[in-house]
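J.: Sequence:
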Amino acid sequence: MSEFLIDQAMKEAIDLQNRNQLDDAKSIYKKIIAHDKNNSDAYHLISLIYLVEGNLDEAKNNIMTAIELQPEISVYHSNYGNILYQSNNLEFAIQEHKRAIKLDKKNFQSFYSLGVAYTYLKNYEKAIEYYKKALSLDEESSVAHNNLANIYNNVNPNLAEEHYLKVLDLVSNDAMPYINISNYYLKNTKYKKCVQILEDALDKDIKVKELYNNLGIAYYATKDNIKAKTMFEHAIKLDPNYTHALDNLKNINNLDK
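In full-length UniProt numbering, the protein residues as written are 1 to 257.
Calculated from the structure, these hints are not laboratory results. Any given hint could turn out to be false.
Claimed, not checked - As a list, the in silico EDC-like pairs of lysine to aspartate or glutamate whose alpha-carbon atoms are at most 16 Å apart:
{"hint": "1", "residue 1": "K187", "residue 2": "D205"}
{"hint": "2", "residue 1": "K106", "residue 2": "E68"}
{"hint": "3", "residue 1": "K187", "residue 2": "E161"}
{"hint": "4", "residue 1": "K209", "residue 2": "E233"}
{"hint": "5", "residue 1": "K37", "residue 2": "D15"}
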């Protein structure tokens, strides 16, 4: 296979991989490797397919080969770190991500992944440090803002709200950011803010059981039992077996007796 044909095959495989046609992409990468044992990109990209498939041994073997061929490429170390993390080898995952950053000080993925790893280890000071560095590279990362907000919610709640609100700005039509910030408001007894933010979600036609249940709790906390009951009933209508809303409705009905 000539260099031109290998380049064309790589483009085709990458396109297939991007369209989630992983078996076809993997087949082409294998053919490329058979003709070009030094094609580090093929080893790297096929390792990502094996990672998605949960074949961690093959993922590890292929990314290690890519690194042996091209040890100075930051993204290889970053993805090796992700594979090691999925293999529950946190110590070496952290080492690989730090190697990636040493090679490329703008490697967002490794800064973000170190935030994830240190959160798992409950080293929140380090996690905050790396999430902040990740956000300095991409301030529009909703997942980094959300993860940082979750940490602050546990260790310094006053700093969490701005990051939850930023997630809402970035992902304004998804239910999860509204649920997360409403959980934060409920936990920190900011009930009026909780009502306001969840009513805004309803105005956008974002209607899920968790949202209705949280809004019911917030209405109840602000002494509006009628609206609280209505919200719990909406949640139960969406899921008749939703225990939280069933219990909340039962409790509020008992109070009315």
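J.: Taking 16 Å as the top limit, are the C-alpha atoms of K187 and E161 close enough?
T.: holds, 12 Å
J.: Under the criterion that the straight-line Cα-Cα distance not exceed 16 Å, is the pair K187, D205 satisfied?
T.: With a Cα-Cα distance of about 25 Å, the restraint between K187 and D205 is violated, given a limit of 16 Å.
J.: Within a Cα-Cα threshold of 16 Å, do K106 and E68 meet the stated pairing?
T.: Given that 16 Å is the threshold and the Cα spacing comes to 22 Å, the pair is violated.
J.: With the threshold set at 16 Å, check whether the alpha-carbon distance from K37 to D15 stays at or below it.
T.: violated, 22 Å
J.: Just to be careful, I want the Cα atoms of K209 and E233 compared with a cutoff of 16 Å; is the pair within it?
T.: holds, 10 Å
When each numbered hint is compared with the structure, violations occur for hints 1, 2 and 5.
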